[in-house]
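Chemist: Here is how the chains run, residue by residue.
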Amino acid sequence: MPDAAPHGGGLPVPSVDGPDLADLNLVLAHLKQADALKARAEKHLRAAGAPLVTFAVGIELLLWCRKHSLSPLDFVERCVTTFEVEGSDVLLAAAYAMERDGIASPFDAVHLAEAMHRRARLVTADDRLLRSKYPTLAY
Amino acid sequence: MPPGPSFSPKFPKSGANIKDAGQRSLLMPAEAVEHLDARGRVTVKAAFRDRLKDGYVQILTPDGVLFRRVSTTPLRTKAPALDDVDGEAMADL
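Just so you know, the protein sequences line up as chains A and B, in that order.
Using my numbering, the first residue of the first sequence is number 1, and each one after it goes up by one.
Using my numbering, the first residue of the second sequence is number 140, and each one after it goes up by one.
Next comes chain A alone, as it looks inside the complex (with noise of 0.2 Å):
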């Protein structure tokens, strides 16, 4: 029977019985040197083990590297190695396509991943993308 909403009304919440999922602050946390959070990440992780990280945390993480000018290859490595990362294919070929080959945009460098791990072609009018050594096809 699901638990009814802490807040009195609307729809019953679900039990929890997935695995727990970490937002990009506890991702920061941990693979920064210095971070405000880092201490309270650490003593977390410690205590609950590492949480599941989301393919959608992990396309924030390529735009907060962009946004800092940060490596965008090292964080996505480190990030893998240490949680267990939806995708971690599709994005550490993202990270590469962004610092390596000079996809600027953190979307367009997961789609160009995205199709070269499926074996097929980006359908696109972009230019660059064209230009680019990424499997695609114009339109």
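Some hints could be false.
As the list claims (entries may be wrong) - Listed next, the in silico DSBU-like pairs over lysine-lysine satisfying Cα-Cα at most 35 Å (straight line):
#1 A/Lys67 - B/Lys217
#2 A/Lys67 - A/Lys38
#3 A/Lys43 - B/Lys217
#4 B/Lys192 - A/Lys38
#5 B/Lys217 - A/Lys133
#6 B/Lys192 - A/Lys133
#7 A/Lys43 - A/Lys67
#8 B/Lys184 - A/Lys133
#9 A/Lys67 - A/Lys133
#10 B/Lys217 - A/Lys38
#11 B/Lys192 - B/Lys217
#12 B/Lys192 - A/Lys67
#13 B/Lys192 - A/Lys43
No wet-lab data here; the hints were simulated from the structure.
Dock chain B against the given chain A, drawing on the hints supplied.
Modeler: Chain B only, in chain A's frame:
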């Protein structure tokens, strides 16, 4: 040209076209690393699976499969915690 499948997996020798500062890496053709098993699943060959256990990540690139050793040292950055960042500004990227 990266080394062929006969390459010994004992050492992580840098590929000639890979520029890594302080990180050892190895670029291999994708066919040398992965293959389809009898059930059609993509499988990493045993020699390279050992590499992955040794602190490496495997990255599929347009030039082949890149193995990079991952450092365990925390990353130095002056970037603020996300709590200090306006969420709407992040969304405008």
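Chemist: Each hint needs a verdict: does it hold in this structure or not?
Modeler: A quick look at each hint next to the structure:
| no. | hint | result |
| --- | --- | --- |
| 1 | A/Lys67 - B/Lys217 | holds, 12 Å |
| 2 | A/Lys67 - A/Lys38 | holds, 21 Å |
| 3 | A/Lys43 - B/Lys217 | holds, 22 Å |
| 4 | B/Lys192 - A/Lys38 | holds, 27 Å |
| 5 | B/Lys217 - A/Lys133 | holds, 33 Å |
| 6 | B/Lys192 - A/Lys133 | holds, 29 Å |
| 7 | A/Lys43 - A/Lys67 | holds, 28 Å |
| 8 | B/Lys184 - A/Lys133 | holds, 26 Å |
| 9 | A/Lys67 - A/Lys133 | holds, 25 Å |
| 10 | B/Lys217 - A/Lys38 | holds, 14 Å |
| 11 | B/Lys192 - B/Lys217 | holds, 31 Å |
| 12 | B/Lys192 - A/Lys67 | holds, 32 Å |
| 13 | B/Lys192 - A/Lys43 | holds, 26 Å |
Checked against the numbered hints above, the structure breaks none of them.
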